[in-house]
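I would like the entire structure built from these sequences, with the hints used as guidance.
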Amino acid sequence: MYLLIISAFLLSGCVDFLGQSGFRASNTAGGTTPEGTTTPGGITTPVGGTEVSNVPELCTDLIISPKVIHRLNRDEYINSARIITESSFYPAVIDSMTESSFGFINYASNITTNDIHGSIFFAAAEQMASHMVQNKNFAASCFNGQSVQDVACIKQNLSDLISTTFRLLSVPSSVLNEFYNFFTSLTDVNKKNSLESTLVAVFSDPRFLYRAETAQTNAASGVRSLSSQEILSRLSYYLWGSGPSKELIARAASLNFSSESTLRSFVVEMLNDPKSDYLVETLMTRWLNIARVDTAASAEAQRLRSLFFNESKYYFKNLIANNRPVSEMVDSKYSFLNKELAEHYGVNSAGLSSEFSRYDFDGSQKRGALLAQGSFLAALGTTDMEPHMSHIVVRGVSVLRDITCTPIGDPPDGATDTEIEIDESKSKREKIEAVTSPAACISCHSLINPIGFALDNFDLSAKYRENYEGKTIDVSGSFVKTAFSDLGELKTILGKSPSIPKCAVDKVLSFAMGRQVDANDRCAVDNILNRLGEEPKFRDLIVEIALSNAMLTKKED
Amino acid sequence: MKSKIKPMGSRRLHRRSFLRGSGVALGLPFLEAMLPRNVFSAPGDAVPERFLVVNWSLGTHEGNHNHWRNTAMAGIKSAYGTKLNFYDYLNNAHYPDPHWHTLPEAQFLTGYSIQGVRNDGGTKSVDQLIAEKISASNPVESIHLGGQYRHINHDEDFGRRVYRNLNYSNHVSWKSKSLPNYPITNPASAFTSYLASLGVPSSEQIQLSATLQRKKSILDYVLSNIKRLKADLGSEDRQKLDEYLTSFNSLERKVAASIESNGETCAVGAVPSNNLTIHEQAAANLDIIYHAFKCDLTRVATMMFTSGVGGAAPRDDQLDRRTAQYGNFGFNGGTLHAYSHQISRSNEAKNLFKRVAVENANVLKGFLDKFSTLAVDGVSPLDKSIILYGSPAGYASAHQNNAASVRLPISTIGNLGGKFKSGMHNLSLGGRQLKDLHRSFLAAYGVDVSQNAIFRTANPVTQVL
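Chains H and R are the protein sequences, given in the same order.
Heads up, the first sequence is in my numbering, so the first residue is 1 and it goes up one at a time.
Heads up, the second sequence is in my numbering, so the first residue is 1001 and it goes up one at a time.
Because the hints were derived from the structure by calculation, they are not lab data.
Far from chain H, some chain R residues (derived; all Cβ distances over 12 Å): (1) Glu1062; (2) Ala1079; (3) Thr1082; (4) Lys1133; (5) Ala1136; (6) Lys1365; (7) Asp1369; (8) Ser1372; (9) Asp1377; (10) Val1379; (11) Asn1426; (12) Arg1432; (13) Ser1450; (14) Arg1456.
Computed from the model, here is a short list of chain R residues facing chain H with C-beta under 10 Å: (15) Ile1143; (16) Ile1184; (17) Glu1236; (18) Asn1249.
These numbers come from a predicted model, not from an experiment.
C-beta atoms are modelled at their ideal positions from N, C-alpha and C, and glycine is treated no differently.
Set out below in structure tokens:
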């Protein structure tokens, strides 16, 4: 895998970094789409929907790309099952979907459903229904032996279950009657069996498995604001990775989401709930590649992967919980360590235990923030199959692509088949500079390599080193025409770059929306950045995205 | 000291001891002593027409495929020579455009160049067109199984789409131009989904029947709800929901067919075990296909040995990655794809490709031997089928140049009741495209391609018709 990835990093036609990468002022509203057509603009309210009174936006060129119906991915399914059953239970059969990544990705348009998924979802529904009836005694008080004793009781239980499962603020009588009629149509002697079958039908229903937003609008723009119910569903999957709990639904039903302050408080409440840990872990593992530490090339990194993972988890939890500046993602002098990890890093472990706690590095230590964390460094290590490219290129590209959102294209045709003469007596840096020296490569590698070189004081298991193969590692370079002598100075440059918060908004918004943020979202991104002010903070960023027009409106396709 | 290297190059290969001995038995026990019992087949369908695609990625270690044809395939040639065709000078659809050598997987059965964006081209693949013709009334129209694939989930979240085209190396079959049939890569899951209910002991049939009837009631109800919701959605959303509808329809058909079988069962073998090597998994997959054919669950299938790219190092609890690196061959330093980059300068890499080619062919021969036992009244199933066996890449070492696109290692086994000529061991096609061969398959199966944008423009290979 790495070999191909690396090949993708031998690049040509790399765009002008300064001109297009996001190193620019954020307020760049315009009146046309990239294609030059007039923008539609204008938001209408559907029947049953709500008007959302946002603060004045600096950018009014609002275009929303269509959001495709979103099937629950594996994580969302498991989290939702736990919410519905109000327990730690989830149907084990859903694990068999780990056979394929297809269906677990976040982008709705890429989540596909094939033949075997139907079987798995149905089997999962059977397991959930069985758990509810057999173990949780669902609606047991409505029965007398095998017969129904209290019809109203059955209906109430079904209504509550449908509300949580389908994410409904109130269950229309037509929907309830659908399922109740199905229940009565079954001819089991033991009606508990009929109830279990009805629950299988509920859990197999597309209104559970698919996050459908079915209200229509007649507006020419095709854009409408979402109903409270739809907002609740989006927020819940964004912040919790699950459907809303019974309590959350009840709370939402009592609120008026058209009031921004109300909605803001509601979002903060959700963020304060431990279920929002899902967001923290998803941000760091998927956005920042930390999940790849599971497949790190270094055996030592594999051994330490849970420590690396925890270091980053606590770091990101801190950024969000304490509303730290977004720039601290890349620029800080602290991290979260325990004794074992501190010893591995070679820093003073006195006073540390097996528990993770904040650790402030002194000035001579090159650590602090994501770029010097084991999860990031080890996840992007490569095997010895690639001694000449190694992790330097992978790390450099990852910083550019994932943290600064610098657009980097594919390598040029034939670039990887060109033979280059290498002097084996040279340092690794010199070899890499030689390998990437062809004109077709250097336009992008002039950006990639310095970052990779700056990180080369850390080996594949994130241990600090001064030398490699008997030669002193040269970590100096320049970035955005600013020279740096080591990683500490590079972190400072990155920390001051407006591309970092802009990229963070792009990435988190794309996750929240379950689709790629595209040029149509430029205005939405700029408005979020404007609201975040001069020094964007992480928790604010998550909240502002939740309150953004992109999240609270929908464009029909 | 100076040396010449390629930018992606490497000269160091890991040498590690064999994790698994080469004597590990492949495949599952051959349980069936009886002739097949086609549970779902209609009367008179003694030996139905079938179509199978067995595909491996990345081509071979030499441009002319002599080792593959003369050594790796020797056993098949010896046993099934009269039904075997080798094709030479057949190009894939990318030719003459330079491309990644990992992309061709996605167009292996479409004959259409897909250059990185799923919706920019492609069509329903040849296996699906044939399935509509010969397998539409079977419980499952077609099944798609595979080996290790490349994980892409982290690449496709958070706007990271740059590796998107690698996605295409994971599948060969297309339900529509935008909807691939992703192969099931866990044999135990595939067995449970497709075969388990066919082999229930008779003592449990009464209970099974009641269970199936209940299941069918629920499925019918859910299907009606899916259709109702679909009516409320926009066009793109309807397409996504269609996938679920199709998936549930397929399940409902399987259940209905089980009920109609009235308690008759079809021996399906044992559930495949976990922790299989790539070749053990391929054998297990082909065993599932054998049983699916035997029980007439379906008449069309595809099976990929691995994806075209290869995965990362496996983790102990990740079944589907565990077999990623041909560890049983003693090659743990990289994926097959990684080794393909070494072929021009590493004997070790060449040897890996040779051994993979031989073992692939052995697995296929195991299937052919078993499949042949489904003969009825002296008619071999190979005489009523076509099995396409090959790779969409030519010379494995080629990257981003035409050598990967030309002279594909392609063969067929079977003659489809005389509608497809066989026994040609070197049919030179002079640079024609894969879609021309596909067009020949379609002609042999009698598929109307007048409405198909890709295949209607192809020219069938007349030598085989």
